[in-house]
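Asks: Sequence:
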Amino acid sequence: MKYNPGEIEKKWQAYWEKNKTNKTEDFSEKQKYYCLDMFPYPSGVGLHVGHFKGYVATDIVARVKRMQGFEVLHPIGWDAFGLPAENFAIKTGIHPEITTEKNIENIKHQMKIAGLSYDWDREINTTDSDYYKWTQWIFLKLYEKGLAYKKLLPINWCPSCKTGLANEEVVDGKCERCGAETTKKDIEQWILKITAYADRLLEDLETLDWPDRIKEMQKNWIGRSEGWEIDFGIKDTGKTVTVFTTRADTLFGCTYIVLAPESDIVTDLKDKISNWEEVSGYIEKTKNKSDLERISEVKGKNGVELKGVKAINPINGKEVRVFAADYVLASYGTGAVMAVPAHDERDFEFAIKYDLPIIEVVRPRSGESDISESAYVQDGFLINSDTFSDMDSESARKAIGESLKDEGFARERVNYKLHDWPFSRQRYWGEPIPIIHCDKCGMVPLEEKDLPLTLPHVDKYEPTGTGESPLAAIETWVNVKCPKCGGMAKRETNTMPQWAGSCWYYLRYLDNNNDKSLVNSEKEKRWMPVDLYVGGAEHAVLHLLYSRFWHKFLYDIGVVSTKEPFQKLRNIGLVLAHDGQKMSKSKGNVISPDSVVDEFGADTLRVYEMFMGPFDQAIGWNEQGVKGVNRFLGRAWDMVIQSESVAESSSEMISETNKLIKKVSDDLEKMKFNTPIAFFMEYVNFVYENKNDFGKDSAEIFVKLLFPFAPHICEELWQLLGEKGLISEQEWPVCNEALVKNDKIVLVVQVNGKVRDRMEFDSDIDQERAEEAVKNSEVIAKWIGGKEIKKVVFAKGKLINIVV
RNA sequence: GCCGCGGUGCUGGAAUCGGCAGACAGGACGGACUUAAAAUCCGUUGGGCCUAGCCCGUGUGGGUUCAAUUCCCACCCGCGGCACCA
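Quick note: the first sequence, position 288, residue 688 per the numbering used here, numbers continuous.
Treat each hint with caution, since some may be false.
As the list claims (entries may be wrong) - Derived lysine-lysine pairs resembling DSSO-like cross-links, with alpha carbons at most 30 Å apart:
#, residue 1, residue 2
1, 982, 1027
2, 916, 593
3, 968, 1104
4, 551, 860
5, 1059, 1072
6, 1141, 1175
7, 1096, 1144
8, 685, 562
9, 420, 430
Said to hold, decoys possible - Just the calculated beta-carbon pair ranges, DEER-fashion:
#, residue 1, residue 2, range
10, 778, 757, 18 to 24 Å
11, 955, 1031, 47 to 53 Å
12, 1045, 604, 57 to 63 Å
13, 1169, 925, 55 to 61 Å
Don't read these hints as lab results, they were simulated from the structure. A virtual CB, placed ideally from N, CA and C, is assigned to each residue, including glycine.
Model the full structure from these sequences, guided by the hints.
Replies: So, in structure tokens, the structure goes:
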């Protein structure tokens, strides 16, 4: 009988589906394990082999955990709101609902032919009104707690998608989606107060088993810095300008202050500014620059002095000049900085350009600094700083800050790079925001009983570009009675961004049909947190930050019982095309899993994706490698079939089999998938050399171990071996150390650290006897050559090194 | 510029509580089977030389050690992220 994947895979997929083999019980005696994939966007082109690398890995973990006696939750769903379906609708007039449904069908089929063991009864779809009812519910709670507010703000605007974007969605000054250059636009926006959670988002990173890289990225993105707010009085006005600094120790070196051109502080001082025309011209110029222009002008500082305005340094009462310059950002800190050219590179550059004084106030304790050449930005000890001279930078920061605080000129302050999250989009295909605007009552949230607020059908999907979504054109929908006063009112027409539905979807799998609450709290306590979360690294500061924020909020209002949603996170390395390029439709180098399944079978696809290399590394697809894996599975098939003619395994074979159990189990625990497959291959090679030693007892164990990787072939072999029940229901083998033969070992013999021989001994040999034997060996005697032995190093069971 | 990760044969990679570098796979070459091809099976495959043997070899240079791909220092290169954040 030959290995025929096409036949057996169909057979077992049908069987598993019909018998709901992979169904998860909500509550059982078993320990829980929640194994989650980042759910896909159901795009029209379907999934490629890169997506499956992640799905196969979690599927292997899920199957192993089931065999190890865990109750495993391994669900999947669809993150189906988003631009591609909407853009397709604009072009063709076909409603996104229809395209989405079709695409889901296709992807579901792809997943099923790959033998992924999802519990399909828990499928969710973010565009179902039963689902987004709860997305809207969370929004209302955020609103209720003051964490969602509407504000007129200059936000990132994509002129091509005609919608506002969050900072996280702008990459290099371009729209993350379409690549168009973004501009700033003043729009009234819904904003979520993610900054209220900045500290907790930062601190709790420590508790997570996530890749360093992702933690680091979130840390940088949150960008916490501790410092002082210091008030500079403006001479003859009674007004003050507050600056933020992390370097209060350099305050004596401040020779001017700089304001962000677009900040209100500048216009506030208009009366005092003698060159207002020049200044306002500079402000206008800055405002009209795109993000991209501003980024590209990073080098080459320029600005304008506010003539007639002088600020007073509160530490020494000295008058300093005041500038406006676009290297100071209105959106960070107070929008104003104290400039210390001797100890800040940017201030140094600016001071050189405008010929401003440079006063040195910090010197290194050891080494040299030359502030006529460049700024010295590190810590050191203070000079030219009155009574603070001679102090270390660190203590001086505190001392100077405290002394100003006592006089009412300074406050301790923590700043973040993280900004609040602009949450409204001027597009159609998203969750409607459940708010009504009434002239009399202002903003009125819908009541929970009125949810879901369903997305109405429209005739035109085209975004308006005016800051309103296409929903604004549907008068029957927009015009409503105010729930409070009964007067005429209008619905909010903006929709939620892509990320909304994915912020909490992992909770809905626990209880996907609940129409009373978001999730039953018993179920939530049973299953949270997610034990393993697998997905691409591209979501490092988007989905992963947003959903942590929502989760913490849900924790605060008592919906969830854990502080963090995803305990352990692992990233998938990209699957590249054969040439090392990224797979893309335009390059025509995309490999679809369907074609691989068609030609070689799902088990080959699965094992190859895992065998390619380390899971988190980007590696190119290699058709020959796929064939190699297929060859291996064929050999394994024949090997197991042949085992029936052998009565029982030899003790050596049993030993090898137990070693295999140990190695495969250990590596899987470490999320290593490529090395277990290498062990399987070695094992198969060994069996081929010792065919008469390989009996059914060993074959059973081999098949169990391989099952999570290649479920179809193993289920079939299990049956062919005449075993009862499904292999899916078997227990994971445990290594019996007693059966592992290790009475003989090969000792590496070195002379002066170089390998000269290998000798076989009993495994418990001690140094004395080994030394004796080694000295008597001809090969080694030759190397020692009568020289004096200085030292003998003995590593038990491994190596002996004679130093002469 | 700053932060993070990495650099091993022709290729993907294996081996890091310091202890046989190159497991496993692919490719290439040689052979068996075949009328032939595919498939399958077997063998060889880091470089060099005075070829039963020895020397060199894990980005580069140095260090620690009986022993370094593994630890330390400096540097080079690649990838990813952030980027006027005061």
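Asks: Compare the structure with the hints numbered earlier in the document and write down the numbers of the violated ones, lowest to highest.
Replies: Structure breaks no hint.
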